[in-house]
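Peer 1: Residue numbers (UniProt numbering), protein chains in the order written: chain Z, 1 to 305; chain A, 1 to 265.
Hints may contain errors.
As the list claims (entries may be wrong) - Which residues of chain Z face chain A? A few of them, derived with a C-beta cut under 7 Å, are:
id	residue
1	S39
2	P59
3	A203
4	G256
To be verified - Here are the computed lysine-lysine pairs in the DSS-like style, where the Cα-Cα straight-line distance is at most 27 Å:
id	chain 1	residue 1	chain 2	residue 2
5	Z	K251	A	K231
6	A	K179	A	K190
7	A	K232	Z	K251
8	Z	K194	A	K3
9	Z	K295	A	K95
10	A	K3	Z	K115
11	A	K171	A	K190
12	Z	K194	Z	K115
Quick caveat, the hints were computed from the structure, so don't treat them as lab data. Beta carbons are placed, not taken as given, at the ideal position from N, Cα and C, and that holds for glycine.
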Amino acid sequence: MAEISIALRGRAVVSETRHLLFSVMPGAVWIIVFLVLPSVYLMAVAFMTNGPYGQPQMPLSLESFRQLAGFGFLGWSPGNLYTLLRSLWQTLLSTVLVVIVAYPIAYYITTCREKWRPIMLLAVVVPSWTNQVIRTFGWMNLLAPGTPLSDAAQALGLIAPNMGLYPSNFAVTLGLVYNFLPFMVLPLYAAFEKLDTAQVQAAQDLYAAPLRAFWHAVFPQTLPGLLAGTVLVAIPAFGMYVIPELLGGGKGMMLGNLVANQFAGSANWPLGAAGAILMLIATFAGLFAMRRIGKRLGGGEEVVI
Amino acid sequence: MRKRTLQRGLTTFWWATIFFLYLPLVVVMLFSFNASNSAANFTGFSLRWYTRLLGNEQIISAFWNSLVLASVSSVVALAIGSLIGYGMYRHRHRKLGWLIVLIYLPIVLPDIVFGISEMAFFVSIHRYTGLFQPGLGTMIIAHVTFQIPFVALIVYSRLVGLDATLFEAAKDLYATPFKRAVHFLMPTLKPALISAFFLSFTLSIDDFVISFFTAGPESATLPIYIWGAIKKGVSPEINAIATLMIGAVAIAAVFSLMFNRQGRH
């Protein structure tokens, strides 16, 4: 009797496993073949030598990383370093600006009537449904020379006469803030909606100044949302390609453009792959850091990606 | 009193932000009806750019490429992704960490890394075997790869939201797994599947970077055409195509939302 039941259980386990394999396998294999393998291949390319037509060749070398650091035929030049620093600076600046705009917006939505809230959230998200190229093109139209915004900036003496507000680093920052605002509003809104108002009430009852009440009773509660938003904004901003390419011009280039250019015009695959590795390291380091901070904040709440 | 000033300030800030968010889109739509080809001055209403679109063969072919790419990739992703979603649900008590990592990978990977690794991979394989010639085929493969996770997660979350006893009841009612799938699983998942399809479709139409790097010379989609036109010098026709695309994406997104909401009730 016992033997039969064990045998049956064994068969059930086998069929369960087979079920798991059949349902999950096609997709898992698809992602492994068409994403994991290509990424591994790309990483390998970074350790190869650049051939005459920009194709990777043997022997293995670290030449591409030297080039990424700025060492070329003519000695060291700071171009790539500037690009890297600019990417970091643009990411930091735009993330901070996005927080400054999104924080009051997310709070404001929670103060409105319940039936309006989904519509207000939708209103914030809808523009991001249109193609990135089109949205960026809209800003090109707005910031070009001769437009009201450029004229106003000229009148204020912010830009040289007959120049537009684009191409410039300012335009890239603006484009990044515009692009990523919804990604910060949504998680912050979720945090505000769950806000425990009893804590705020307690702070007020104890005559805490408004700023102090905010800092001790409100801000810590919104931190998980803030972290989730930072992951959603900073990581893609660091690797952004379209916005700096269209709004930045030559002096607004970011890491994404440096990498992409190695696969198009000036073709140097190993150099591009080395840049991509840098981007991957930044991505996973960012994700890891946010997870750690999120866990330390406790509440048992995982930062949802 | 102080509270009211704060609230008023916030209301103003809200409308200013909404203005900021919609301004570029409104400008694009407005100038698509501009009589002259100036990007700075609006000189009068006209539909000339829209009629010019119809005569432009490159745009028509880009439109068909976008449509074929979005529909074929969405159908394939729907089949593969919903299987994963179902597998994740059925075996949710097992340790499936590797699968979760695999599913999140396409979401967290920066677009540009995603695009160039596929391109490098396809180009290299093509050189040695002749397979995977860059074109619509490689684009469909790349799009399916980033659509699968979204389909899987939508289907999974719909299944988790169901009462587990329903599955037992279905097991008693319909003996064979096939019958169960047809009479129980498919109907209950229908709103989630439709919503996942429209989301995949929207993601595909919206994508530029990954398409750009996996495309071949003949397979330009609308965003790739627009990109080329912008790079060559601004043409007011871009405003007209862009306006049509904004409209199409808005409609698809509304459908996705409608079915998603229907599924939750």
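Peer 1: Does the structure break any of the earlier hints, and which numbers would those be?
Peer 2: 2 and 3
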